[in-house]
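*Asks:* Line by line, the protein sequences give chains E and P.
First residue of the first sequence? That's 1 in the working numbering, and the numbers climb one at a time after it.
First residue of the second sequence? That's 1 in the working numbering, and the numbers climb one at a time after it.
Be aware that a few hints might be false.
Said to hold, decoys possible - In silico lysine-lysine, DSSO-like type, Cα no more than 27 Å apart, as pairs:
1) E:K176 - P:K24
2) E:K198 - E:K164
3) P:K17 - E:K176
4) P:K35 - E:K164
5) E:K82 - E:K164
6) P:K6 - E:K168
Hints in this document: simulated from the structure, not taken from any laboratory.
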Amino acid sequence: MKDRFFANKGSFSNKELEKIYNTRVAVIGCGGLGGYIIQELVQFGIRELVIVDADKFELTNLNRQLYCNENNLGLLKVAQAKKNAEKVNSAVMITAYDKKFDAENGLEILKDCDIVIDGVDSIQTRFVIVALASQINIPYVCCSVAGFYGQITSIFPKDNTLAKLYDKNTDTGIEKKTGNFSFSVAAIASIGVSQVIKIIINRGNVLQHHVLLVDILSNEFKIISLQK
Amino acid sequence: MSICVKLFATLRENRDKKLEFDFKKGITSQEIILKLNIELNEVAILLVNGIYSPPEQELEDGDVVSLFPPVGGG
């Protein structure tokens, strides 16, 4: 009998799918990357999500943020993400926090999650995520985007990857200049979600100690090692 | 000595993506970055011959230096 996840079954075993469906995923940031990440996780079949974002949709989000439309400007991103994701699967359990993820609330938010993925716009927040994920021993898929460019890496507890990608004293990168737009955001989010799925089932290549650098302008996909 | 510098993403704007230079022996990646009028905080990842390297590392003849800017948006 064909169920809603019938098309997953050609590439994943039943055991793998059960494992994926029963994983509790935290998504920090529900804007550009986060919207696509949430949508794809729910479409795939994740049953439990924790989502976090303090912001409300505004006019300039319309060029790229999946859940932003002309009718929900001024409304909380987490509430809109939850509402739209539940339209895809009414059985999905989404815990939404309309607050900025930080060192104070982070442990409470991440507790009971099996993995965390981010789509935040703050390098400082990524350092908070990596510290807390390491503390509670869960993997962290770190995604970021800037204009035509993006990068994805998978960070496991105690890995020192993030400090090799960013200066701890900065909070933003070239996105302040390049802006962000729909196709780059969707592409990077999708690769990030694929990392989450592969980590859960422990199959395929995971970008641990490596970063995938994507340059959509030049059609370049480059994996670099961050190990000495 | 001959050094090849490869630039990525926005560091290519108004510059070639691959540059070849003759530099004095003992030059560091950091000095090359400044010679290219790139600010140090514009470089997030620095590779020498494909290996993650510190900016103060002295280079050898034939080294390839790759520079990537910080990408931090969501």
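*Asks:* It remains to establish, for every hint, whether it holds in the given structure.
*Replies:* Structure-based check of each hint:
1. E:K176 - P:K24: 36 Å, violated
2. E:K198 - E:K164: At roughly 23 Å apart (the allowed maximum being 27 Å), K164 of chain E and K198 of chain E satisfy the hint.
3. P:K17 - E:K176: 22 Å, holds
4. P:K35 - E:K164: 23 Å, holds
5. E:K82 - E:K164: 34 Å, violated
6. P:K6 - E:K168: Given that 27 Å is the threshold and the Cα spacing comes to 25 Å, the pair holds.
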